[in-house]
Amino acid sequence: MGIDIGGSHITAAVLDMQQRNILKNSYTRERVDSHGSTEQIIHTWCSAIKAAYKKVDIQIGSLGIAMPGPFDYDNGISYIAGNDKYAAFYGLNVKDMLASELQIGGDQILMSNDAACFLAGEVFAGEAGVYQHLIGITLGTGLGSAVYNQGKIDDANLWCAPFLDGITEDYLSTRWFLKRYYELTGFNILNVRELAKLYDDNQTVRKIFAEFSHNLGLFLKKSQQDNAAEAIVIGGNIANASNRFIPGVVKYLHSQGITSPIHISKLNEDAALIGAAGCWATQTFKTIEKI
561 MGIDIGGSHI
571 TAAVLDMQQR
581 NILKNSYTRE
591 RVDSHGSTEQ
601 IIHTWCSAIK
611 AAYKKVDIQI
621 GSLGIAMPGP
631 FDYDNGISYI
641 AGNDKYAAFY
651 GLNVKDMLAS
661 ELQIGGDQIL
671 MSNDAACFLA
681 GEVFAGEAGV
691 YQHLIGITLG
701 TGLGSAVYNQ
711 GKIDDANLWC
721 APFLDGITED
731 YLSTRWFLKR
741 YYELTGFNIL
751 NVRELAKLYD
761 DNQTVRKIFA
771 EFSHNLGLFL
781 KKSQQDNAAE
791 AIVIGGNIAN
801 ASNRFIPGVV
811 KYLHSQGITS
821 PIHISKLNED
831 AALIGAAGCW
841 ATQTFKTIEK
851 I
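Quick note on numbering: the sequence shown equals residues 561 to 851 in the working numbering.
Keep in mind that the hints were calculated from the coordinates and are not lab data. There could be a bad hint or two in this list.
List time: in silico BS3-like cross-link candidates among lysine-lysine, alpha-carbon distance up to 25 Å [what the hints assert, rightly or not]:
hint: 1; residue 1: Lys826; residue 2: Lys712
hint: 2; residue 1: Lys712; residue 2: Lys767
hint: 3; residue 1: Lys757; residue 2: Lys767
If you anchor each label on the Cβ, the simulated ranges turn out as follows [to be verified]:
hint: 4; residue 1: Asp725; residue 2: Ser622; range: 42 to 50 Å
hint: 5; residue 1: Ser568; residue 2: Gly651; range: 21 to 29 Å
hint: 6; residue 1: Ser622; residue 2: Arg766; range: 43 to 51 Å
hint: 7; residue 1: Asp725; residue 2: Arg766; range: 34 to 42 Å
hint: 8; residue 1: His693; residue 2: Asn797; range: 24 to 32 Å
hint: 9; residue 1: Gly726; residue 2: Arg589; range: 28 to 36 Å
hint: 10; residue 1: Ile727; residue 2: Pro807; range: 20 to 28 Å
In this text, all values refer to a predicted model and were calculated from it rather than measured experimentally. Ideal Cβ positions, reconstructed from N, Cα and C, are used throughout, including at glycine.
Please take these sequences and the hints and turn them into a complete structure.
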């Protein structure tokens, strides 16, 4: 089973490892109160896991879990703090808590960084499988980043890297879009999807996407110079509006002599699920994130 833990939801599905695709009948998604108690959260997670298995009449087996960080993935201990989610788990062994609730062994659970799982899913079942050197990023509530190099996937942990007047995530996340829109208009907007709808008729919105495109281009230029990747794979909710900013990114990178193709994920949210489950086949993760 592949499991994707988000800030407001859990998604779980059983993977056919030979066909490298999800058993769609097993797909289960439940809302999670990430500000709740550990008992409440664990119960919600386990309810979703059990429901997904029940839908395809399969006993609970091996679980691959895509989990946000900071996290000691090998030992299952959370160090998430100050991110407005899952603060109750700080310093606790989440893997043991899950194993106990599900009545399985801890050795049946593999936990990995969510951005690394996204890239692993793209390699395992997406277009990225033809490459040996890749950069993968997820653009959403936060910034996820991972690097694939000849069978090994590392969490690049670039969200907190110095960038412009702050850190990378300050400029490459949903909150940047919302903050920038408010700065220029004095109005709040719900999310990037709603912003993208205004693109054709609103010059300010076009300006915001152009700025984001430039910021992303600067970031990818540095990433490419550091990693010499054959291609770049982009996912996350913001990628759904990629037609608003990717052409500008490509133009900028080409002006800097960088011609590596950019692939927008077609697996979308399924990539992390597939990558999390697929880690049982590949065992390619270096899973201790810097804390």
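- Quickly compare the C-alpha distance for Lys757 and Lys767 to 25 Å and report which way the hint goes. 14 Å, holds
Given the hint of 28 to 36 Å, check if Gly726 and Arg589 actually sit that far apart at their C-beta atoms. Holds - the Cβ-Cβ distance for Gly726 and Arg589, about 33 Å, lies within 28 to 36 Å.
Distance restraint evaluation - Ser568, Gly651, Cβ atoms, bounds 21 to 29 Å: 23 Å, holds
Check your understanding: Straight-line Cα separation of Lys712 and Lys767 no greater than 25 Å?
Key -> Measuring from Cα to Cα gives roughly 38 Å; hence the hint is violated.
Falls inside 20 to 28 Å, the C-beta gap from Ile727 to Pro807? Given range 20 to 28 Å: holds, Cβ gap about 26 Å.
Next item on the list: Kindly confirm whether 24 to 32 Å is satisfied by the beta carbon distance between His693 and Asn797.
Entry: 26 Å, holds
- Query: Range hint 42 to 50 Å: satisfied by the CB atoms of Asp725 and Ser622?
  - Reply: 45 Å, holds
Given the proposed pairing of Lys826 with Lys712, does the C-alpha separation stay at or below 25 Å?
22 Å, holds
Does the hinted range 43 to 51 Å hold for Ser622 and Arg766 at CB? Holds - the Cβ-Cβ distance for Ser622 and Arg766, about 47 Å, lies within 43 to 51 Å.
Practice item. For Asp725 and Arg766, compare the CB-CB distance with the range 34 to 42 Å and indicate the outcome. Key: With Cβ atoms ~23 Å apart, the hint is violated.
Hint compliance for this structure: hints 2 and 7 are broken, all remaining hints hold.
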